[in-house]
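Fit chain S to the known structure of chain C by using the hints.
So the protein sequences, as listed, match chains C and S. All residue numbers for the first sequence refer to my numbering, where the first residue is 5 and numbers rise by one. All residue numbers for the second sequence refer to my numbering, where the first residue is 5 and numbers rise by one.
Hint data in this document are derived by calculation from the structure and do not stem from the laboratory. One or more hints might be untrue.
Any copy will do: because identical chains look the same in the list, a pair fits if it lies in one copy or spans two.
[What the hints assert, rightly or not] Subject to a maximum C-alpha distance of 20 Å in a straight line, what follows is the list of computed EDC-like cross-link-like pairs (lysine to aspartate or glutamate):
{"#": "1", "residue 1": "Lys227", "residue 2": "Asp68"}
{"#": "2", "residue 1": "Lys555", "residue 2": "Glu619"}
{"#": "3", "residue 1": "Lys555", "residue 2": "Glu614"}
{"#": "4", "residue 1": "Lys535", "residue 2": "Glu560"}
{"#": "5", "residue 1": "Lys575", "residue 2": "Asp474"}
{"#": "6", "residue 1": "Lys465", "residue 2": "Asp493"}
{"#": "7", "residue 1": "Lys465", "residue 2": "Asp563"}
{"#": "8", "residue 1": "Lys535", "residue 2": "Asp508"}
{"#": "9", "residue 1": "Lys575", "residue 2": "Glu619"}
{"#": "10", "residue 1": "Lys575", "residue 2": "Asp447"}
{"#": "11", "residue 1": "Lys555", "residue 2": "Asp613"}
{"#": "12", "residue 1": "Lys535", "residue 2": "Asp460"}
{"#": "13", "residue 1": "Lys535", "residue 2": "Glu455"}
{"#": "14", "residue 1": "Lys575", "residue 2": "Glu448"}
{"#": "15", "residue 1": "Lys555", "residue 2": "Glu618"}
{"#": "16", "residue 1": "Lys575", "residue 2": "Glu618"}
{"#": "17", "residue 1": "Lys575", "residue 2": "Asp613"}
The structure displayed is predicted, hence computed values, not measured ones.
Number of protein chains: 2
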Amino acid sequence: MGVPALGLDALASSAYGPEAALTILMPLGAIGPARLHWVMGPILLLLAILYVSYRQTIRAYPMDGGGYAVSRENLGTLAALLAAAALMIDYILNVAVGIAAGVGAMTSALPALHPYTLRLSLAILALLTMANLRGTGEASRLWALPTYLFAASFLALLGIGVYRTLVAGGHPQPIVPPPPLQPAGEALGLWLLLRSFASGCTAMTGVEAVSNSVGAFRQPVVKEAHRALTAIVAILGMLLAGIIYVAQAYAIGATDQTKPGYQSVLSQLAGAVAGHGAFYYVAMGSLLCVLCLSANTSFTGFPRLCHRIAQDGFLPRPFAAAGHRLVYSVGIFYLALTAGFLLAIFGGITDRLIPLFAIGAFLTFTLSQAGMVMHWRRLLREQGGGRRMAHRLRLAINAVGAAATSIALGIIIVAKFTEGAWITLVAIPCTILLLLSIRNYYDELAARLREDGALDLRQRKPPIVLVAMDGWNRLTDKALAFALLLSPDVAAVHLTAMDGPDADENIETLRRQWQEEVARPATAAGFPPPKLLLLQAPFRRVDGPLLKLVKTLHGEHPDRLVAVLIPEVVKRRWWEHLLHTHRARRLRAALLHYGGSGSVVINIPWYLDEPAIEEALEPAMLQAAGSKPTRRLEP
Amino acid sequence: MGVPALGLDALASSAYGPEAALTILMPLGAIGPARLHWVMGPILLLLAILYVSYRQTIRAYPMDGGGYAVSRENLGTLAALLAAAALMIDYILNVAVGIAAGVGAMTSALPALHPYTLRLSLAILALLTMANLRGTGEASRLWALPTYLFAASFLALLGIGVYRTLVAGGHPQPIVPPPPLQPAGEALGLWLLLRSFASGCTAMTGVEAVSNSVGAFRQPVVKEAHRALTAIVAILGMLLAGIIYVAQAYAIGATDQTKPGYQSVLSQLAGAVAGHGAFYYVAMGSLLCVLCLSANTSFTGFPRLCHRIAQDGFLPRPFAAAGHRLVYSVGIFYLALTAGFLLAIFGGITDRLIPLFAIGAFLTFTLSQAGMVMHWRRLLREQGGGRRMAHRLRLAINAVGAAATSIALGIIIVAKFTEGAWITLVAIPCTILLLLSIRNYYDELAARLREDGALDLRQRKPPIVLVAMDGWNRLTDKALAFALLLSPDVAAVHLTAMDGPDADENIETLRRQWQEEVARPATAAGFPPPKLLLLQAPFRRVDGPLLKLVKTLHGEHPDRLVAVLIPEVVKRRWWEHLLHTHRARRLRAALLHYGGSGSVVINIPWYLDEPAIEEALEPAMLQAAGSKPTRRLEP
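With the rest of the complex left out, here is chain C (with noise of 0.2 Å):
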């Protein structure tokens, strides 16, 4: 059942891997292919190693066994990082380097599309970026079409290679013939083979896809994560081990991809057993949709680690709320420019991509094997009786797994390094220093905002109160009624800029205006009369002078709130957003942002129609809200 979704990564991975081995034997000449079981055996045995690993993983950890989430209970805060790093890193490059391939594989099949490699890659990460802003929704339960096509016709096609080989005795012809090895150039050495090993170790990403997912297998979970993943890497380890017989017996190696006449090793094998008929097309047409499949999974699986990073606030923490939809665009458009980026860098050439490919894999397996490790010997410590023995053997089994997978490591890295693998090995140290000091702001602002004490109630002096105006008029009276009720230190400061030939008339109808409207009647109903200020906005800039009043009064009284009242005029309706000077915006944000925490700021609403809260409920919260909302009244 899981084996499309989750397969998919670990299945598209045999396209690459053996051709990469292949790639760096190529100038064996016809050693070349002769000697690919000498690589590509010690990773049928890697793999072998991480099947029993994952398989302890997946019983442990049945909720999320994923890299990040094994690191960060076993080997602490900086390991979990380093998983993390390694995951993010990964993911980027399992998008980059599945549709290169899935390209390779198109222009072997349609060698006339050879000159256009990078504009393809580019285009079809485009289509994946979009469909997947758009969302995939139940497209993805069309996944498993491609995903069976492709294994059933490569297990097909390998079983007829075994078979006709078997039947030739060791040397079929093939239908279609694979290009000619180029001559052999260099002599067989422990560091070319080191150097295929490192590539060939590609073969083996994705292979984690299941540990990560345990939670969405039916139950009993376990059993059902673990026949997914036995099912997988049975598959797997068919594909690979046939791939292996099948270009030995037809001699077929790997071609560059930057040159034309590019023929994918898969596309070579398939043409050599069963030659471009329509089988073919079905089955590198297959490959081309598993390639492009595997390298979309990276566009769920990133955002899905950003928002459990998130959640330990090593990354923004709106990942870590606002449903996802948020992370999810995000880390689309986040994962769509790096991968580009790659291949724009790279040509869309597979070959430059895999050496910084492997490490970001490997360290998490490493990590997660470590991980297992210290899980277990913690099982050991913390419990006794008849289960020690058991926990001893697993113990054992991923020391195993995490000493081969680290050995491997060492050797990808210096392998590697110049190739390319310095590029991850440095953008993995950055990528951590980043979630560090995400996280240290956290932590400082948490640390700010922590509340030692009870309730400070030594402030008991009613603010001064500032209404901001432009003129006597029901805004103001509105804005003045409410601070009368805050404060008896009342002042309204006219903020138009009075000058012109009118200037002195117009103050002087407004004193006039203000004595009679406002300080009469306040005076008349017991509260002190408020004052009346003019302020001078030279550029006709209000919130300066306005700032620098409330500077002052902070200067007088630093014993007391200032709180400005700024009434504002509601626009509802687009237009009207062009025909108002956002004046009451633009004060507000400036008082809130260079006002000191000694300010305040109230805002009073007016309205040209009055608006109804419905307008502002989507229909399902109406009905969610209908179901009477929980309230709770304390003490």
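The following block gives chain S in isolation, referenced to the frame of chain C:
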């Protein structure tokens, strides 16, 4: 002095006015140029009438004698809006026609450029737009040079042409013969002459520029403006008369700008008189500059007009304030877009734009003259004595002007209706409608805002205060302390969705904390203890449930305000915005938008680093503020 800046527009008209008249006469063949004076004679007469009329306008309105201002003062709002709409459309067409004619001059001199007519037009428009967005500043001083060069070279050319004609006894030999006239295909008729007259009237556009800018002259303004107007009209008259005479002598007709081999009339004339030497290219180069610069005058005139109209409330109020910068950039964009649209639609062909153009100009002339008639009538009514005779004379002059321009306007409308004038005739009422509805909005707003009575203090109950919180921390502490100063009815609303496995435990912790840290100290200090409300937020959208609660409270207490306190961590560095959820901002926006007039929003800022108010103030403002702001305290 003012001749280059204010004369540009009028002098540039000589490049397309006579050509437009000749274009209509094309079907007459050789008869066309020979009868040009039948058409241009009345236009020169009109020019003389306008000159005398505008002298009077300048004297009567030495501050702002533009068509909009004169109409507004003398003819009422609707006529002023008619003038405003006509002027606005005129500014746009001035850009399009100036550029199209300039490109016509360019392709006449360099025929290889003819296929790129439209692209050249749009490129020049883009250049002008960018230059104006950046601000032309000191560069405008350089404009005098091409203007003088243009006037000097073409007056010299025409002088030589007249001299050669007289010497040759009427039919001089052209140095470069103009393209042959097309054979006569139509007889001379009144309708053709009227259409030609209507097109030729575009030669007078821009004459009003001096009257718009009298205030910019040095003292004595009226005298200086009169001198500039005299100089401009004299040069324009000489140019037009010269063009008529020389075109007739050399049998120069219009050619079709849409076809290759197009030669503008001035290019033919310069070639015939002076040949295609250096002098020709200097003259055509200065012509190109003058035409582009005349298009450029719209980029300063249009925003100035919008500013003036906005002061009367017929355009968005931000245009009237905001120190001109906003109106300039919006105006420049609007001009560029509409002029570019017109150029694209009409393929950059001058002749197709001419029918739209003259209407606006002559409508403004007529309204301005009619306004002046009303002005003198009012003065005649108000004043008695010795000046009555002078006023009567002036009234008569302006009445003649108004009659002449209105007759010309009638001819233009009738003769050009189907050729494109209908577009202007549709655009004008649409513009007026837009202006009126903007003013209507402001009037309604002012009526609703007007406070007829005194300060309304009936609302004396303290508000119900809600404090938005997501935990017990310093933010909540500060907000609660302020809330308790405002009202005895305070409730803290906990907005974080509490679900997941630890929900009940977390709620219990919060309750206990509330009891100990908030309720007890509040009671001890003599305040009623604040309540704690837990709001369930479905879909993590917290604004919906809070709005529902506000609505419920409004329903239960219709006589009290509901104040919502939103404590907020103020983000002061750009990257901090990436790290926060902006819930405070979203809550504030939702409450202000939908809360209704019974709600008040109080922002309590909280800072990681205390800000300094000085950061908000620009250096210039600090200086200005240093010079003691006018602050008057009342009462």
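Status of each hint after checking the structure:
1. Lys227 to Asp68: This pair counts as within: shortest intra-copy Cα distance 15 Å, inter-copy 90 Å.
2. Lys555 to Glu619: For Lys555 and Glu619, only the inter-copy Cα distance (12 Å) is at most 20 Å; the intra-copy one is 40 Å.
3. Lys555 to Glu614: between (36 Å within a copy, 13 Å between copies)
4. Lys535 to Glu560: So Lys535 and Glu560 pass the 20 Å test inside one copy only (17 Å; across, 35 Å).
5. Lys575 to Asp474: within (18 Å within a copy, 29 Å between copies)
6. Lys465 to Asp493: Intra 11 Å, inter 18 Å, cutoff 20 Å: intra and inter.
7. Lys465 to Asp563: within (8 Å within a copy, 27 Å between copies)
8. Lys535 to Asp508: within (19 Å within a copy, 52 Å between copies)
9. Lys575 to Glu619: Within one copy, since 15 Å is at most 20 Å while 30 Å is not.
10. Lys575 to Asp447: between (39 Å within a copy, 16 Å between copies)
11. Lys555 to Asp613: between (36 Å within a copy, 17 Å between copies)
12. Lys535 to Asp460: between (31 Å within a copy, 16 Å between copies)
13. Lys535 to Glu455: So Lys535 and Glu455 pass the 20 Å test across copies only (19 Å; inside, 38 Å).
14. Lys575 to Glu448: Between. Shortest inter-copy distance 14 Å satisfies the 20 Å Cα cut-off; intra-copy 38 Å does not.
15. Lys555 to Glu618: between (41 Å within a copy, 9 Å between copies)
16. Lys575 to Glu618: For Lys575 and Glu618, only the intra-copy Cα distance (17 Å) is at most 20 Å; the inter-copy one is 31 Å.
17. Lys575 to Asp613: within (10 Å within a copy, 33 Å between copies)
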